[in-house]
Amino acid sequence: MPSVAAAESVRSPPPTPWRLLARAVTGNPLSLLAGAMLVLFLGAALFGPALAPHDPLLTNASRTLAPPSADHWFGTDQLGRDIFSRVLAGTRVDFLIALGSVSLAATLGTTLGMCAGFLGGRTDRLVGRAMDMLMAFPLFVLAMAIVAALGNSVANIVCASALINLPFYVRLARTETGVLRQAGFIEAARLSGARTPRILRRHVLPNLLAPLSVQASLNMGWAMLNAAGLSFIGLGLRPPAPEWGLMVSEGAGYVVSGEWWVPLFPGIALMLSVLTFNLLGDTLPAVVDPRRR
Amino acid sequence: MTVLTLISRRLLAALPTLAGVLVITFVITRTLPGDPAAFFAGPAASQEAVGQIREKLGLNRSLPVQFGVYLRDLARGDLGPALTTGQPVRVELAQRLPASLELTACGLGFALLVGVPLGIAAATRPGSWLDHGGRLVSTLGVSLPSFFLGLLLIYVFYYRLGWAPAPLGRLDAFVLPPEPVTHFLLVDALLRGEFATFRAAAAQLALPALTVGLFALAPLTRMTRAAMIEALASDYVRAARAAGLSRARILLVYALHNALLPVVTTLGMVFSYLLGINVLVEKVFAWPGLGSFSFEALLAGDYHSVQGFILTMGGLFVLLNLAVDLLYGLIDPRVARSPG
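Sequences listed follow chains A and B, in order.
Position 292 of the first sequence, counting from 1, maps to 293 under this note's numbering, and the rest follow consecutively.
Position 297 of the second sequence, counting from 1, maps to 526 under this note's numbering, and the rest follow consecutively.
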C-alpha cells in the first residue's frame, strides 16, 4: 500500500551523510580506491616534510642521477636530490595551490552567479557577457598570460587558476538560482520580510551546495593539472621548489637518455591525485544529490 | 531560416565578445614585464637607440592612443612585427597555424574513431567489463597530465622500442618538405604524390597526435555513452524494436542520430580546450605550432605576437561555435527551422 510506505519513509530518519558516503564507497570499488588515495595524499600533504627521509632541497654531487634503490626509493635527480622526498614535499604545494584556486573560484563564482540568477536584468547581462569574454580565450593560455604579466608567485598562480575556473561556477549557480527563484519557499521568505542578501545566503546557497561540491571535486583535479602545466613551461613555481610539474619539466630531458625515474615519479603522483579527485567527483552525486540516493 | 542568415546572425552576436577580447588582450599584453624596445634593440644598444625604437614602436604614447593605433593597424590586417623574429606576426601565424591545426585535427580524429564506438559499445552493455574498462581508461586519460603522457610515449616508443623518430618537430631534418600548397604536411605530401615524405611526416605526427587524442577520448566516450543510453531507453527505439528493425539499424540509424547532438557539443568544447593544451604538447615534441609560438612570445614580452595569437584563437573559437551550430542544423532539422 503506497500510503503506508510513504508514511514509513517520513517516520524513518534521513540517512546521515556518513552512512551515505559509506554506502557509495562500498558499492563501487573505484570509489573505495579514490577514498583510500585521498587519505594517503592528505597525509602526505600534512606530514610529508616530516616523513621525508632526506632533505628535499639537499644536493649531493656524488650521487647524481642514481636509479631507484633501497636508500633512494625513487632515485635521485640531476643534482643528487632524493626524488622520493621531493615528491612527498611537493604534495603540500600542489594541493594548496589547487585548494586555494578552487575555493577562490567557487566563492567568487557562486556569489556572482547567484546575484546574476536572482536579480536578472542588467546584472545578469553584464555577468553573462563578462563570462562569455573569459570563455572566448583558450583558458590555459589566459592563465599563462596572467602569470607572465603579474609574475611567477604562488598567489598569482592561484589567482590565474581561479579566474579560468570562474565561468563554470558562475554558470552553475546562475542556472540553479534561476530555477529556485520561482520556488514557493523563496517567495515565502521574501513575504516574511527577508532581504535579498539574507535570502541568497539562507535559502538559495544551501540548495546549491550539492551540485557545487561535485563541480569543485572535478575542478580540483583540473586546477592541479593547470598549475603543474604552468610550472612545466616555466610560468609557475621556480626551481628549486619541489613542485610536481616543475620536477617533470626538469626531468623531461632525461627521458631520451634513459633516466626515466627523474620525471616518472612526480608525474605519477600528479596523475594519481588528479585521478583521485575525478573518481571522487563521480562518487559524490550519490552522496549529495537526493535524487540519486 | 536559411544557412546564410544563421551565419551572419551568429557572427554579429560574436562581435561584442571579440571586442572584449581585444581590450583584455591589449591590457594584459601591455602589463607584460620587460621593455620590448630594449629587447628589440639588443643588449648592446645605447640608451638613445632604445629611445628611438620606443618612439618607432609608438611605446612612448599614452595607452588610449596606442590602442587606437592598434585598432587602425588591425583594420588594415596588420598585426605588427614579431619582436622575437622580426617577421610580420601575420606571416608567423600563417606558418604556424597549419602545424597546430594538423596536430589537433589528427588527435581529435583519433579520439572520435575510438571514443564514439567505445561509447556505443558501453551503452549497449552497461555494467559489463567493457563498460567498466572504458570508464577506467577514459578517467585515466583525463587524469594524465598531457605533458607527462607525451614524455611517457617518447620514452616507450622512441627510447625503448625505437619505433618513433626523434621528437623534434614536424619533419625529420633530412627529409625535404613537400612544396607548400595547403601547409598541412600530410595533405601536401599526398597532393605531390611523395609517399616517403608522407610516411615521414605521419611518423613525426603519431606520438603528439596520440597524446592529444588520449586526452580528448574521455569526454567523448562518456558523452556518447550517456547520450546513447538515453536514446536506447526512448519510445522511438522501443517502437523501432517492436517493428522488427534490425539491431544494427536501430543502433546506428535511430539511436546514434539522436545521440549526436550532445556529442557534437562536447566535441566543440573539447576542441577549444585542446587548442589551449596544445602549448604543453607542442613544447614536449618541439612542435613548431601556435602554442610554442605563444609561449616563446609570452616569455620574451613580445606583445605584438601575443596579441596576434590570442586574436587568432578568439577568431577560431567563433568559427568553431559557428560550425557546431551549423552541424546542429544538419543533424536536427528542427534546430535549423526554429527562429533564434
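The set of hints was computed from the structure by calculation and includes no laboratory data.
Think of the CB as a built atom: it goes at the ideal place given N, C-alpha and C, for glycine as much as any other residue.
Hints are not guaranteed to be accurate.
As the list claims (entries may be wrong) - Which chain A residues stay away from chain B? Per the calculated CB distances, all over 12 angstroms, these: (1) F48; (2) A51; (3) G81.
What the hints assert, rightly or not - Here's a subset of chain B near chain A, in silico, CB distances under 7 angstroms, partners left out: (4) G249; (5) I383; (6) Y384; (7) F386.
Going down the list of hints, with the structure as the test:
Under the 12 angstroms C-beta cut-off, the non-interface status given to F48/A relative to chain B holds; the minimum distance is some 24 angstroms. Annotated as non-interface, A51/A keeps its C-beta farther than 12 angstroms from every C-beta of chain B; the closest such distance is 27 angstroms. A cut-off of 12 angstroms between C-beta atoms confirms that G81/A is not in contact with chain B; the least separation is 22 angstroms. A hinted interface residue such as G249/B counts as satisfied when its beta carbon comes closer than 7 angstroms to some beta carbon of chain A; here the least separation is about 4 angstroms, so the hint holds.
Given hint, I383/B at the interface with chain A, holds; its Cβ is 6 angstroms from that chain's nearest Cβ, closer than 7 angstroms. Restraint check, Y384/B versus chain A: the minimum CB separation of about 5 angstroms is within 7 angstroms; hint holds. With its C-beta approaching chain A no nearer than about 11 angstroms, F386/B sits outside the 7 angstroms limit, and its interface hint is violated.
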